[in-house]
Each structure stands twice: as structure tokens, then as C-alpha cells.
Amino acid sequence: MTSAADTGQRVAKVYELRLQIAIRSVQTEVSRVLGRITDWLAKHGINRSFVEELELVTAEALNNVVEHAYLYAEDGEIRIVVSLRPGKLQVQITDGGRKFDGPPPEKKMDVEKFSFEELPEGGFGWNLIRSLTDEVAFERAGEKNRLTLTRNLPETAGVE
Amino acid sequence: MEVEVSKIGGITVVRLCGPRLDAAQSVRFKEALRDISDCGADHILLDMSGIQFMDSSGLGAIVTVLKQMGQAKTLELAALTPIVAKVFALTRMDRIFRLHDTVDAALSSSVKAAG
Chain A
0 MTSAADTGQR VAKVYELRLQ IAIRSVQTEV SRVLGRITDW LAKHGINRSF VEELELVTAE
60 ALNNVVEHAY LYAEDGEIRI VVSLRPGKLQ VQITDGGRKF DGPPPEKKMD VEKFSFEELP
120 EGGFGWNLIR SLTDEVAFER AGEKNRLTLT RNLPETAGVE
Chain B
0 MEVEVSKIGG ITVVRLCGPR LDAAQSVRFK EALRDISDCG ADHILLDMSG IQFMDSSGLG
60 AIVTVLKQMG QAKTLELAAL TPIVAKVFAL TRMDRIFRLH DTVDAALSSS VKAAG
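Here the protein sequences line up with chains A and B, keeping their order.
Taking numbering that gives the first Met the number 0, the leading residue of the first sequence gets 0, the next gets one more, and so forth.
Taking numbering that gives the first Met the number 0, the leading residue of the second sequence gets 0, the next gets one more, and so forth.
Calculated directly from the structure, the hints in this document are not laboratory data.
Be aware that one or more of the hints could be misleading.
Unchecked claim - Per label pair, the in silico range of CB-to-CB distance:
#1 A/T27 - B/K66: 22 to 28 Å
#2 A/G95 - B/T101: 43 to 49 Å
#3 A/E134 - B/S48: 31 to 37 Å
#4 B/E3 - A/R35: 24 to 30 Å
#5 B/R27 - A/R35: 20 to 26 Å
#6 A/D100 - B/R27: 30 to 36 Å
#7 B/A71 - A/G95: 46 to 52 Å
Positions of the beta carbon are idealized from the N, C-alpha and C atoms, including for glycine.
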């Protein structure tokens, strides 16, 4: 895992804090980077429930990249930028894997309607991401996929 | 994936030592639970108190275990931490599984049901 601050943008805005990390497309690396992100957010005074929810949506997005963009190939690069501004928490995830067409249309899954044998064992990820974020944006940046998840924070959850 | 198994009456309590039940752990979790179920456990209570983080892969793995055990056997969960409870609620899987506040509450409700 390497840390880098070389996106070419100025980081030193007074009210913005950023954490930039690049990892390989491996599930154990995903677990490790999530721990790093949650420590960083907790250190900057973000409430535990927001930290946990951000960890969950970031996990879902990173798992999607490992599974669908890189098809479990372990040599893919994933770049993660977490930024913290007053009232806003944002995670941007960039990968160079298979082209992604953007988040699937929203569909409600009513698990109570399924028979026992047909209970879903997956397909929950995007519902969780949408439930726990205020904005989901996807763009194709050159040969890369870039997903940006934004969560609005109340004053009380804020950045010191 | 480390688990502690205790037999209490007819119930096999499986404590997941955690702290994570995520994509990196889900295959090993399924294997561990299949071993326990194959050893004759037909009523399993998962003690989730040690799990500080669970993603949808972890949830999916629990559903897989439920389906593998089949409807003749029982799988219940107890002592969910807040983020784990949230994953169950947001996916409505809290309607599918029996969830208990604590292991003790789960055990005493089973005793009552049996008595």
C-alpha cells in the first residue's frame, strides 16, 4: 500500500482535509484501508455512526471494484481519496479495471416476498450505498472509472 | 475466522471472534459454519457481539448458511452491534432472521418456547 499526494491539485485549502491512498485490488487490502480511513475520520472528530456508515458504503464500492472491475485479479490499482469539508464527507474511488456503466437503476428488493430457497445472498450493495449517502456520482475519466460518494454531515458531526 | 463454540442444552452457541465479517472473511465464515452444522448442530445461535463491521458480503454469507442448514434447522442471531443491526434493517433481512438483543435473551426465549 502506498500513500501519495500527487493528484496535481492543491491540498492546502484551509477547510479541507484529505486522505489519499492507493491499494491493490485485493480483499485483504480493502479491509486494511477501511481501517485506515476509519481511524483517520475518528481522529478528526467525526461521530462513530457516520464513520461506520462511511466505512460500509466505501466497503461496498471497493468490493464492487475488486469483483466486477478487476474480476478478482490482484494486480489492479485502486485510488481512494477521502475528503472532509465543513458539512461534507466525500469518498472518491478510481480504478483502471473493466469499463463500468454507472450505478444500476434503483430497485427495491423486498426480501419478504422471496421463498426460503430463493432468498438473495447478494445484490445488496447499491441499495446500502444509496441508503447511506446523499449523492452518488459516476464518471468515466479517460480509461478509468471514478465513483464519488458524498454524505452531508450535520454541524454536530463536524470537522474541528 | 475464529469462532468459539459452546453447547447449551440443545443450542449450539457460536461466538464469532471478529472483529470483521466482510468480503475477505466470508468464505472462511461459511466453511466454519458448515463444519459446525455438519457435526450435528441443528439449532445454531450466532453471537455477533464481537463483530464490529459487516458488509453485504458478510450478510450474504449468513444467508448462505441459513439456506444450507435448511428449514428443518434453526439459525438465530444475538447481540448485534449497531452497524451490523443497520445492515440487517436496511436490507430488511431483519424480517427474515430471528434477532435477539443478547445471547441470554435468546437462550431464555428458546427455553420458554420448548417448555
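(message) To test your reading of the hints: which numbers does this structure violate?
(response) Hints that this structure does not satisfy do not exist here, as all of them hold.
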